[in-house]
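Student: Each chain is listed here by its residues.
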Amino acid sequence: MQQVTSMLDILLLGDWNTRIVVFGTAMLGVAAGVVGTFLVLRKRSLLGDTVSHAMLPGVVGAFLVMQAFGGGGKSLAGLLLGAAVAGVLAAWAIPVLRRSTGLKDDAIMGIVLGGGFGLGIAMLGVAQALPGGNQAGLESFIYGRAASMVRSDAIGIGITAAVTLLIASTMAKEFRLLCFDESFGRAIGRREGLLDLGLMLLAVTVTVVGLQSVGLILVIALLIIPASAARFWTDEFVRMVTLAGVIGAVACWIGASVSAMAPKLPAGSIIVLTLATLFAFSMVFGTRQGALCRIVRSAGLRRRTDRQHLLRAAAEWMETSGVDRWTIANLAPMRSWSRGRLRLLHRRGVRSGDVAVTDDRFMLTKAGRLAADRVVRNHRLWELFLIRHADIAASHVDRDADLVEHVLGEEAVVELEQVLTRGDATPQSPHPLGGDP
Amino acid sequence: MTFDYDGWIILIGVLVAACCAVPGSWLVVRGMGMMGDAISHAVLPGIALGFLISGTRSGGWMFLGAAVSGVLAAVLTQLVHRWGRVERGAAMGLVFTSFFSLGLLLIVQTADTVDLDANCVLYGAIELAPLDTIDLLGIEVPRVVVPLAIVLLANVLLTLVFYKELLASSFDSALATSQGFAARWIHYGLMVLTAATCVACFEAVGSIITVALLVAPPATALLLTRRMKWVLVWAIGLGGAAAGLGHIAAITVPGWILGGGLDTSSAGMMAVITFVLFLVAAFAAPGRGVLARRWATRRDAMRIAIEDALGLLFRLEERSMDTDREVVEHLLRSDVRIGPRRLAAVRARLRRGALARVDGTCWQLTDAGRSEASSLVRAHRLWETYLAGRSTIPTSHLHAAAERLEHVTDRELVEELEAEVGPQREDPHGRPIPESDLWN
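Line order of the protein sequences matches chains A and B. Numbering of the first sequence is given in the working numbering, commencing with residue 1 and proceeding in unit increments. Numbering of the second sequence is given in the working numbering, commencing with residue 1 and proceeding in unit increments.
Everything labelled a hint here was simulated from the structure, so no lab data went into it. One should not assume that every hint holds.
[What the hints assert, rightly or not] BS3-like cross-link-like pairs, simulated, lysine-lysine; straight-line CA separation at most 27 Å:
#1 K104/A <-> K164/B
#2 K104/A <-> K229/B
#3 K229/B <-> K164/B
[Stated by the list, open to error] Pair by pair, the computed Cβ-Cβ distance ranges are:
#4 Q179/B <-> C293/A: 32 to 38 Å
#5 T297/B <-> S298/A: 48 to 54 Å
#6 R85/B <-> D181/A: 17 to 23 Å
#7 L158/B <-> K264/A: 41 to 47 Å
#8 S298/A <-> W295/B: 53 to 59 Å
Every value quoted in this text rests on a predicted model; they were computed, and no experiment measured them. We put the beta carbon where it would ideally sit given N, CA and C, even for glycine.
Throw the hints in and build the complete structure from the sequences for me.
Tutor: Below, the structure is given as structure tokens:
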């Protein structure tokens, strides 16, 4: 019972100390989500990865300098400053190298990552060999101190994250331009290079701060995943940024409080795994780009297309044969569909009231006939348009019209009518009807 | 420095470089340069599971686990990229960070019983590799040489066999598919090869060299050549050079800087050298380097300036205008926009080429200069006439367009223009088109 109470205490932020830590981390989550959206939209998702690795020489360098000037060389502020300087340097080097070599971003980021981290390792080797060096713990610094955040850290993190968030949201309009229309931004006088650098500075800040709470490898996830998940729910920029911020905050809140409950579950891991779960959920169920809704949408389109094919085949059968009843065998040669499939389409047609059946012979109902007329009319209008205005031969036009007619809206049909000015009547088919012999 | 130790380190480094260069070159041309780093983090859960199953820190289980989770991460990245329509970099980032945190979580669970550190479990160290030897056909060789040689052989063989397929699917996946093999399977194959190579190299020499050697030498090679075959060859060579130089730098450079017999991590230094080689190539590569491109730009600018000066003198002569030195140089500065320093160079080149000279206080075209200037002005006015008839550029703007085109018009193009323009004797501004005395 007592355990449950303490769990609730933590989750609902009852405990003052936990409340500070959780709040600071959640703040970081919002900032990372927002800044990360810009990075992801700018296709620089892995910038955080490069920058975080390239911080190692900065950390070691700061340590060496501080030690040379006396002192233990382990002041947190000094190490963070070194990390930030190296991070900014790496972030600046990426666009410079890309412009001067013409190579792609990913190669440049990989090279800077390898070279930077290698330099860090080499410097670490020197630090180890130096007499009196007390470099132990520097490496764990770069990999983060997963679960051991204290209150003073949390306050600092929260404040830095809040400032970052403030800057990011006031500059949102400029960054959006940078993401979507660089050349327009240049044309109206936005300094692209300066904005790019600004964005990278924000990313470096988030990375340095994230170092404290989730570790350097995992802060990359905090930058990438919220934005990628938000993308499944909306196409709209402001909503995407907001949603990414919320996702980041939720994951950090869960991660920090779970880790406060169970010391064996490091905050960084829980945060990232929560993010991964949210991403997987969004990828499947997202209402905009999610897999499920895409499947449903394309299934709907396929059904509509099938129905229109059946209706048109029936109408064309009636037009060529003069008989208003048909069997499966009559329609089978008109398209490349199997008998089984055709039977299925007929069953669906009967169910939806387009087609009536009397002992194995089918006919269109009144509603079906109206619908079929409209379908045939759209098809022929489109064929005529293609023949007249796109120079497609009459013998080939059936195929091409078939590709577009199912997605023609009412407006497009009205426009076609105006272009072709043929009144209400359904035009003659420009090519012989019936399937291939 | 003894061969037994340092020689083996360099040899192992060269071997790793060759192993990495082959899949690395394909990754770089496919825009997946960050793959090595992603796999280096993504193997963690496999290592942890391998440890949990076997209970020991050495042995095949951890290697197997690493390979499986590396391949799994690569495949999952591709699935997220394709099904979720997530940009490839983002897909990579979210998969490997998730894997890494899962691994971290597993390791923390075991941390009570054994000291299993997140970043040095499987990762070997190149400095230690020569010490662990086995007997191979009577010769004592470092143990890691064997798996590395096998991986290298597999990489080279597979690349030779599937070269055409890899090439087609890297640069034109539609072509690849239309040729009857699925670009997708080639891609998955490459991912598996990359993951296996990475894991073998991590185990032998550690992750940092692997990640660096996978990207930097192929990217450097791309600055030196554009033929894929040569990219592969150069990448292997550059990687090998970086390995050798890196080790030598590791044992000498710290000593130079800080004195004493200091040395440092060979792995780190090798990675640094790959970066340095890249910077050198980016700066000095023939054709694509910064230096070469700047030089080409300057040469073009110089040629254009000289041509503009000749054109100016020709037009002044044509209108029987004053070619007083100060007037001409003022016009060159204000109309043709030649800066003072370039002006001096232009003057010197004109004099040296015997194209124009200062006669008393006046500029004077020589015969050679006049003939060159006349063909230039001819190209200019042909362009104006041509554009006036065939484009919507207003007459007042024709000059600016022709001014640019005249510098890139060769003899063939002039002949085509002549044919197009016909027996026109005047340009749209009423100026005569000079006869081509040079070519006819």
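Student: Are the hints correct? Go through all of them and say.
Tutor: Evaluated hints:
The suggested pairing of K104/A with K164/B holds, with an alpha-carbon distance near 23 Å, which does not exceed 27 Å. Annotation: proposed proximity of K104/A to K229/B holds, straight-line Cα distance about 20 Å (limit 27 Å). Distance hint between K229/B and K164/B is fulfilled; the C-alpha atoms sit about 11 Å from each other, no more than 27 Å. Checked against the hint of 32 to 38 Å, the pair Q179/B and C293/A passes, with Cβ atoms roughly 35 Å apart.
Judged by the Cβ atoms, the range 48 to 54 Å given for T297/B and S298/A holds: they are separated by roughly 51 Å. The hinted window of 17 to 23 Å between R85/B and D181/A holds, with their beta carbons roughly 21 Å apart. Range check, L158/B to K264/A: Cβ separation about 43 Å, and the 41 to 47 Å hint holds. With their beta carbons about 55 Å apart, S298/A and W295/B fall inside the hinted range of 53 to 59 Å.
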